[in-house]
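S.K.: Given next are the chains, with one letter for each unit.
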Amino acid sequence: MALGTVWVFAELSQGRPATGALELLTKARSLGAGAVEAVCLGPEAREAAAELGRHGAATVYVATDPGFSDLLLGGPAAATLAALAVERAPDLVLLAGTHAGRDVAGRLAARLDVPVIANGLDVEAGEAITVTTSIFGTTQVVRTEFGSHRPAIALFRPKSFTAEAAGTAEPRLVEIPAVIEEQDRRARVVDRSPDLAAGPKLEDAPVVVSGGRGLQDPANFELLREVAGLLHGAVGASRAVVDAGWVPYSLQVGQTGKTVKPTVYIACGISGAMQHTVGMKGAQRVVAINRDPQAPIFKLADLGIVGDAVTVLRALAAELRSREG
Amino acid sequence: MNVVVCIKLVPDPNTPGELEAATWRLRRDLADQVLDPADECGIEAGLRLVEAHGGEVRVVSMGPEKALDAIRKALAMGAARGVLVSEEGLRGSDALTTAKVLAAAIGREPFDLVITATESTDGYTGVVPQAIAELLGLPAVTFVTAVASDGSALTVTRQDEGGSARIAATLPCLLAVTAGVNEPRYPSLRGIMGAKSKPLERLTPADLGLDGLGGASAGQTVVAVTPAEQRRAGEVVSDDGTGAHRIVELLVEARVI
Chain A
127 MALGTVWVFA ELSQGRPATG ALELLTKARS LGAGAVEAVC LGPEAREAAA
177 ELGRHGAATV YVATDPGFSD LLLGGPAAAT LAALAVERAP DLVLLAGTHA
227 GRDVAGRLAA RLDVPVIANG LDVEAGEAIT VTTSIFGTTQ VVRTEFGSHR
277 PAIALFRPKS FTAEAAGTAE PRLVEIPAVI EEQDRRARVV DRSPDLAAGP
327 KLEDAPVVVS GGRGLQDPAN FELLREVAGL LHGAVGASRA VVDAGWVPYS
377 LQVGQTGKTV KPTVYIACGI SGAMQHTVGM KGAQRVVAIN RDPQAPIFKL
427 ADLGIVGDAV TVLRALAAEL RSREG
Chain B
29 MNVVVCIKLV PDPNTPGELE AATWRLRRDL ADQVLDPADE CGIEAGLRLV
79 EAHGGEVRVV SMGPEKALDA IRKALAMGAA RGVLVSEEGL RGSDALTTAK
129 VLAAAIGREP FDLVITATES TDGYTGVVPQ AIAELLGLPA VTFVTAVASD
179 GSALTVTRQD EGGSARIAAT LPCLLAVTAG VNEPRYPSLR GIMGAKSKPL
229 ERLTPADLGL DGLGGASAGQ TVVAVTPAEQ RRAGEVVSDD GTGAHRIVEL
279 LVEARVI
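Here the protein sequences line up with chains A and B, keeping their order.
Residue 349 in the working numbering is what sits at position 223 of the first sequence, and the numbering runs on without skipping anything.
Residue 156 in the working numbering is what sits at position 128 of the second sequence, and the numbering runs on without skipping anything.
Zero decoy hints are in this set.
Just the calculated beta-carbon pair ranges, DEER-fashion:
hint: 1; chain 1: B; residue 1: V265; chain 2: A; residue 2: E290; range: 31 to 41 Å
hint: 2; chain 1: A; residue 1: S448; chain 2: B; residue 2: E281; range: 11 to 21 Å
hint: 3; chain 1: B; residue 1: K224; chain 2: A; residue 2: P169; range: 47 to 57 Å
hint: 4; chain 1: B; residue 1: A234; chain 2: A; residue 2: E308; range: 28 to 38 Å
hint: 5; chain 1: A; residue 1: A324; chain 2: B; residue 2: S216; range: 43 to 53 Å
hint: 6; chain 1: B; residue 1: R119; chain 2: A; residue 2: A323; range: 40 to 50 Å
hint: 7; chain 1: A; residue 1: T389; chain 2: B; residue 2: D235; range: 54 to 64 Å
hint: 8; chain 1: B; residue 1: R194; chain 2: A; residue 2: D330; range: 22 to 32 Å
Source of the hints: derived by calculation from the structure; they are not laboratory data.
Source: prediction; values computed, not measured.
Positions of the beta carbon are idealized from the N, C-alpha and C atoms, including for glycine.
So that you can see chain A by itself, here it is in the shape it has in the complex (with noise of 0.2 Å):
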């Protein structure tokens, strides 16, 4: 059966498409759909749509309703995105696995009656659509078949495909009206305020120092900022340290938390849970630096450093302060 519309939902991050959403349409490109377009909710939604375009949406479809800042996304979206679905039958639904994108798919599947498949870290649309995903900290591979309803509905783990622009075609804009029911007026933003953190972002820096329980001491990571400094790159954690309030969650690297795909990882005092090195093995080098010999971490790791995190760290931010000279 050849494959439709696709549809990926393009999430706004502070004006612009998020980059979950230029990935996916970057990989909706290469399915041989009927057509790929993008679904644009938030008032700056048309002007995310030549980015959209840029990436390969024949179509971007936008509502610029305040509702879809002022009250929290999921429920308006799938509302917004449900309507439209009646109408225009897409076959799939593509959203990136963010928090807000996880919010608008399990809506937006009870609201269709459609199944929804999460943790997606590929897909393909042959006789039937399969979506990958992985378990057990990604030791097996799991494809999964839709069945027949439509549209099927798939979120994807942030970097699961690379973004890369198509050419420059201006897409067809069509304003679509927001769908905004009663009782998600009954939550509303009140204010908000984003984790500022110096140097480059966490998902983009080519240097991830991250911390865990073994750095002993929240006062610790202070070191591991200076040596993330001296490297240009960002400091992550494990869930363990968010959990325990030494460090805010927008930092966390896991299941629970980011992604990344550094050029060099290097995690210290972590022992290495699988909620923790979904987020990191895409890493091309890993360093690990922690005082027990069995971690598991050190089994995904270039180099292991059996020893103390704190002792270790000092020494290298003295060597690379010195080479800075």
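With chain A's structure known, arrange chain B on it following the hints.
M.R.: Just chain B, lined up with the frame of chain A:
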């Protein structure tokens, strides 16, 4: 404030998982089965709200007979009663089917607030809470790190990739809480003894008016499971004072300095 908390029995997250050869379902006979640690935070959040504002915590779960253990633990922590929806045909249910069952179990009685974890530790699709909210017509505040209430409205902190937001919500609504929201209590001896006399109801999907759910009727089928290509371990050395220098050498080789 009447709070319903969704909970799940999962294989102990500290033991490695394995799949059944024939069905590619998670083997549940290997590890100890425990109340999902993520759900303990949801139970704790519910208990704190009813302790401050009155009402009770009801827990609902879908799973095998053994999930009664998870419910008993919730009752021992302080929940007032529990419901288990169980049927062989529900094994291997997808996220939407799970949400339909839980939503039906929640909606049997009036409630003010539904609390879930953000995702289960074993299946982690992370879309069940949102689907439940949609089915019940509730706003959903997900990825919650803090909850405050005056008894009728909620002020909630929600985290996302770039920071956090304060959300004002009125009841009824659904909260999906992270592990950072609180430190769950341990059941007291008195709580454990008291749990034995608390009401524990067992239902089938048919009791909830749901037929033909899950299993073969699910909209997705696993067609293959294969080992993933693994990173190969490199060199592991003891830090004899040269560890930092070895790291610098690797950084130079990788051309990041």
